[in-house]
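A.B. asks: The task is to assemble the complex, starting from two chains supplied on their own in separate frames and drawing on the hints.
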Amino acid sequence: MLEIKNLNAGIEDKDILKGIDLKVNAGEVHAIMGPNGSGKSTLSSVIAGKEEYEVNGGDIIFEGESILELDAEERAHQGVFLSFQYPVEIPGVSVTNFIKTAINETRKAKGLEDMPASDMLKMIREKSELLEIDRKFLSRSLNEGFSGGEKKRNEIFQMAMLEPKLAILDETDSGLDIDALRIVSNGVNKLRSKDNAVIVITHYQRLLEYIVPDFVHVLVDGKIVKSGGKELALELEEKGYDWVKAELTA
Amino acid sequence: MAYTEDDLEKELATKEYKYGFYTDIESETFPVGLNEDIVRAISKKKEEPEWMTEWRIEAFRHWQTLEEPEWANVHYEKPNFQNISYYSAPSKKPKYDSLDEVDPELLDTFKRLGISLDEQKKLAGVAVDVVMDSVSVTTTFKKTLAEKGIIFCSISEAIKEHPELVKKYIGTVVPKTDNFYAALNSAVFSDGSFCYIPKGVRCPMELSTYFRINQAGTGQFERTLVVADEGSYVSYLEGCTAPSRDENQLHAAVVELIALDDAEIKYSTVQNWYPGNDEGKGGVYNFVTKRGLCEKNAKISWTQVETGSAVTWKYPSCVLKGDNSIGEFYSIAVTNNFQQADTGTKMIHLGKNTKSTIISKGISAGQSQNSYRGLVQINGRAENARNFSQCDSLLMGNKCGAHTFPYIEAKNKSAKVEHEATTSKIGEDQIFYCNQRGIDTEKAIALIVNGFSKEVLNKLPMEFAVEAQKLLEISLEGSVG
Ligand SMILES: Nc1ncnc2c1ncn2[C@@H]1O[C@H](COP(=O)(O)OP(=O)(O)OP(=O)(O)O)[C@@H](O)[C@H]1O
Ligand SMILES: [Mg+2]
Numbered sequence: 001m002l003e004i005k006n007l008n009a010g011i012e013d014k015d016i017l018k019g020i021d022l023k024v025n026a027g028e029v030h031a032i033m034g035p036n037g038s039g040k041s042t043l044s045s046v047i048a049g050k051e052e053y054e055v056n057g058g059d060i061i062f063e064g065e066s067i068l069e070l071d072a073e074e075r076a077h078q079g080v081f082l083s084f085q086y087p088v089e090i091p092g093v094s095v096t097n098f099i100k101t102a103i104n105e106t107r108k109a110k111g112l113e114d115m116p117a118s119d120m121l122k123m124i125r126e127k128s129e130l131l132e133i134d135r136k137f138l139s140r141s142l143n144e145g146f147s148g149g150e151k152k153r154n155e156i157f158q159m160a161m162l163e164p165k166l167a168i169l170d171e172t173d174s175g176l177d178i179d180a181l182r183i184v185s186n187g188v189n190k191l192r193s194k195d196n197a198v199i200v201i202t203h204y205q206r207l208l209e210y211i212v213p214d215f216v217h218v219l220v221d222g223k224i225v226k227s228g229g230k231e232l233a234l235e236l237e238e239k240g241y242d243w244v245k246a247e248l249t250a
Numbered sequence: 001m002a003y004t005e006d007d008l009e010k011e012l013a014t015k016e017y018k019y020g021f022y023t024d025i026e027s028e029t030f031p032v033g034l035n036e037d038i039v040r041a042i043s044k045k046k047e048e049p050e051w052m053t054e055w056r057i058e059a060f061r062h063w064q065t066l067e068e069p070e071w072a073n074v075h076y077e078k079p080n081f082q083n084i085s086y087y088s089a090p091s092k093k094p095k096y097d098s099l100d101e102v103d104p105e106l107l108d109t110f111k112r113l114g115i116s117l118d119e120q121k122k123l124a125g126v127a128v129d130v131v132m133d134s135v136s137v138t139t140t141f142k143k144t145l146a147e148k149g150i151i152f153c154s155i156s157e158a159i160k161e162h163p164e165l166v167k168k169y170i171g172t173v174v175p176k177t178d179n180f181y182a183a184l185n186s187a188v189f190s191d192g193s194f195c196y197i198p199k200g201v202r203c204p205m206e207l208s209t210y211f212r213i214n215q216a217g218t219g220q221f222e223r224t225l226v227v228a229d230e231g232s233y234v235s236y237l238e239g240c241t242a243p244s245r246d247e248n249q250l251h252a253a254v255v256e257l258i259a260l261d262d263a264e265i266k267y268s269t270v271q272n273w274y275p276g277n278d279e280g281k282g283g284v285y286n287f288v289t290k291r292g293l294c295e296k297n298a299k300i301s302w303t304q305v306e307t308g309s310a311v312t313w314k315y316p317s318c319v320l321k322g323d324n325s326i327g328e329f330y331s332i333a334v335t336n337n338f339q340q341a342d343t344g345t346k347m348i349h350l351g352k353n354t355k356s357t358i359i360s361k362g363i364s365a366g367q368s369q370n371s372y373r374g375l376v377q378i379n380g381r382a383e384n385a386r387n388f389s390q391c392d393s394l395l396m397g398n399k400c401g402a403h404t405f406p407y408i409e410a411k412n413k414s415a416k417v418e419h420e421a422t423t424s425k426i427g428e429d430q431i432f433y434c435n436q437r438g439i440d441t442e443k444a445i446a447l448i449v450n451g452f453s454k455e456v457l458n459k460l461p462m463e464f465a466v467e468a469q470k471l472l473e474i475s476l477e478g479s480v481g
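Going line by line, the protein sequences match chains A and B.
Just so we're aligned: 6 in UniProt numbering is position 6 of the first sequence, and the numbers increase by one with no gaps anywhere.
Just so we're aligned: 444 in UniProt numbering is position 444 of the second sequence, and the numbers increase by one with no gaps anywhere.
Isolated chain B, as found in the complex (with noise of 0.2 Å):
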């Protein structure tokens, strides 16, 4: 491969990204506590129809029924779902023509974040779909997708719009009866996104999301599905910060994504959400239910970057479920403190010919406990699957724990199935050969820990890497003496 001007030249390029604040936005915000009614009064507020309302009533009964999980590899004082409010908007009614009418507090919170919307309509055309507390507040770039047929809006918004695409698909690949997390986010989903791509369409821009949580005590639910009609392609990017706080703030989301025959669909997150203090009090947690589907010929890959929450709990998975399909999944997990991270994948091979790579690079400092679990599962009639998993593990000091859970089924002769891992140290040698060029023990392992991770950072999106690369020098800040 040559390696051009070009190729230095961006290599030279750096950009700063800032983090942490919360913006005090006045919100209206239900009594805490859960029953039918809150779900009713979630979905009237929302101004939904009859079936969404039922369809919320079915998966909350069902949750009822249902048992916390407890076989991850995580420890954490169980939430009250009886203590979180399950609503907050903005109380300033969004839908603004111009940039102008919104709220200045909010803009300014958005230039904090680094996406402020001038900014991000002259950069790189990335339309920004601005989840904030739960209700999208303003949505760019619309025209130029609509002209396409492309739908991107909020999930309130299409299931008002859109509700044969929404009725059609929602749960299809995520049910509402799945797991714990994903029936209580069934029932009480407040916002999110939605997006379909048309037949034959090729998606101009990345398209983004930024998630925040900003309400103390606020859980936020967030459901995201996105439709890649036949032979389409989007890429889709998701990213967050959280304020400090010394409050537990669950997070439970769900995320489906379909991709029909011929399509394929990037889906690219950056999480670092408020991880606790240095001794672990307070913190997000984060359980969600991210999953793909895959018909004849389709791609989907999911790249993520999680440096944040105090717990995680997080599988993208695919169903490879027609022929020749394809399914990606490349992790970079940091765990710092006392964070504890429970994140993998899992590829279910259904079709023939089905392939799937799994790369994930976990780091842990600190006191903190890193572990990757993935299910590779061949069925029986996926002649001649394919699967490769790389999982390598970087640890800092000696109190931190890498854990490798690798569990592999398949039911076909034929599968080719291999697993590679590695558990290494970052040396003296390597720091001290960096001090030694000027570069500060927290900068050279920065930069280690980068250049480790280099192969998945690769997978993204050019402008999303630049902040992701940033995102694990912030989250290492402090990990050495």
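Just chain A, with the same shape it has in the complex (with noise of 0.2 Å):
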């Protein structure tokens, strides 16, 4: 589904990204870790196409073509969907005219008709119910004064209702209180299917237990330096990221 090959990336007179390979198959779950400063957000704003970044060589193919070329929206379209570290705010736009409008969009961007109102009426109940999420807190502007919670459950229900090929939670769990991550993260396996993928960015094995990805990724400078199973999570949690900076240098 995503295939990152080399990929360079940064901003004007810094290098962040150094040389990213990564593949990931529909079905699958990948976890990204790494210390704060070493790419992680950076990586997902690349594959989500924020332009901000530039990318100075390498490729980013996903379902078989490069999308380097595509504008944010387009990937979206195409089903790439990134759950932001830092959701931003959109003052008097609500939750539901803002998931309204990104769902008619992508499909105008198909070729299709608006959403009928009553189908867009049983998705938003059935995925509030889904998500635990109270169906005020929709009529509420987005993000504007919500929780750090809040804010990411907001993301996942976005995600529930836009049902992306490929999406990428920057440390969605981060914020989350115990039961939130819980559902949260129910919420995620719902929705996973052998045809779609997660990429999870976290810094806790916590999550990991919920959400259980087929592979672990160590992201330390710009480049990932590990990879392995589930248990390279643990083996994480217990001996912090100098066991892996520790194991370069050697």
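These aren't lab readings, by the way, just hints derived from the structure by calculation.
C-beta: ideal position from N, C-alpha, C; glycine also.
Among the clues, some could well be false.
[Claimed, not checked] A short list of chain B residues far from chain A (calculated; beta carbon distances all over 12 Å):
1) Lys352
2) Lys443
3) Asn450
[As the list claims (entries may be wrong)] Calculated pairs, DMTMM-like style, for lysine to aspartate or glutamate (alpha carbon to alpha carbon, straight line, at most 20 Å):
4) Lys50/A x Asp13/A
5) Lys425/B x Asp13/A
6) Lys108/A x Asp440/B
C.D. replies: Dropping the structure here:
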């Protein structure tokens, strides 16, 4: 589904990603871990098409084709979804209105008519129940005054509504209380299928107990320095990143 | 506040709005130029009584002594008033019993405007008095209104049929000598609407008038007079679209509202006249005088969405004469490319316990200049007057400007006046967030702008709000690279 080849990217005078290789097949869950500032969020932004970052080398292949030339919204239309580490506020735009616009714009791009209001209503009902979101919440301005946990839950609600092929969850667990973590993870698991894939970025093993990864990658200073199975996360939790770094220099 | 399925459904409903065209309807147009003969000719054409003709002549004579105002924060090539034709009417005479008799081309125009009368009749119970190039062509729902004693007709008709009402109220809120444009309007106004709501009557539907400027070079001088008698209520909508033209078109309307004791008037405007091309050429000059008078316990709300015109000069105002009266002003003004808007309000507190609220949302893009100019005046005998003003500006790019000029004159110590102002920019992170969810940048901006303007959009009647949202979107098209 996704193949990243020797990806180099950064901002004007700074290289952030220094040769990333990553292959994600449909049906898989990959976890990316790594110290603060190692480039995890940058990687997700570059996959999602944030123009601020310059790609200086390598390629990103999604569903068999390079998406480097595509705008962010075109990538979204193809089924790339990013749950933001820091979701932004859009004052005056309700969650409902926002998601409605997102869905209909995506449909429009595919040459489809707007989703009938009754279908949309049904879907909103279903997905908000799945994520145990109070309907009142949906009338509030997007992310404005949301608590950290509410923001994250709302990101996953949007993911559930948009049904992406590839979902990248950037520290979706941070800010979630214990119950919310379970609810949100449950939601993500219910949405998993053999046709879609998930990349979870996290600092904590705890999330991976709920969303069990097939692979775990360690990103240090813009490079994936180690990959393994789910047990790698446990090992990291135990030994910290110094262990990986030490192994590198050894 | 509970959020119901209904609210959810409402929010999910969408409607498209169409604009931008012009119709070739044969017109009978006066030669260009302005003098007393022209003023008399207009009055004669409209079969007006002597007092009306005299009133116009007085206005004209006064106008000749005035200079065009210079104080607004707008710059434009002054119109040559001798180069304008002051009268143009569709040559096929109005007054039809049914739609079948109406010029098919005109009907087509209505359809493109999205206001086909058939549709309108079915929809929402809106009566439409359509002003097409100065003469009202058709009026609907008159019967329903007549049963309640409501008068809703063209001002020319009112001058003929209800001279006592017109004579009593015209020029009482905006005197014919009020200002340069108001004096000009008083001299040459060609048509407009008149509305009278009798004592204690609640007008059962939103009254709307759609204005259009049609013939090239014919300035439009609409005159609107709304009188809400004691304890009555009316909601009045005014909207317009203009065809694209590479020629300046002057529009100088006067709107007078009179809310007698315990009456309430809601006046909503959506305005999208041709703003000129993206180099700033052409476009409508919109110099409007709108003012309302509140008697005891009366309330007037002005809500406006201004997206059009090359130059806008407009300050819907409230004179809070009666004790406990309330004035409100909710405004969204969008400027793009080379548009210039100088708009705002005046709240004149004369009575005791009078209250006013001002919410102004200015959105500037391109190289446009958007100014809010507001005056809150609290008179000596206005004990316990209250005002709350909030002026928010949203900027897109670095070449546009937003300016706020709040003037406060409080002559009574018990007055409470609050003013808040904010300026913000649309952030790249907000845009990227939207992009990531499949919303392209243009649509993202529309969404953010709609959100920014929500407090005002919410004040508009439902079907108008949808149209207004669409308009905001259209006006900002191409504002990002
Ligand atoms: N737009 C930017 N301008 C300047 N520096 C940037 C920018 N984006 C990222 N960086 C820098 O690139 C490095 C990687 O940042 P990134 O946000 O990708 O880290 P991260 O792995 O997600 O960290 P965390 O675990 O703290 O979320 C950091 O040093 C960061 O300061
Ligand atoms: Mg990060």
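A.B. asks: Evaluate each hint against the coordinates.
C.D. replies: Status of the hints after comparison with the structure:
no.	hint	in the structure
1	Lys352	holds (36 Å)
2	Lys443	violated (6 Å)
3	Asn450	violated (7 Å)
4	Lys50/A x Asp13/A	holds (17 Å)
5	Lys425/B x Asp13/A	violated (26 Å)
6	Lys108/A x Asp440/B	holds (11 Å)
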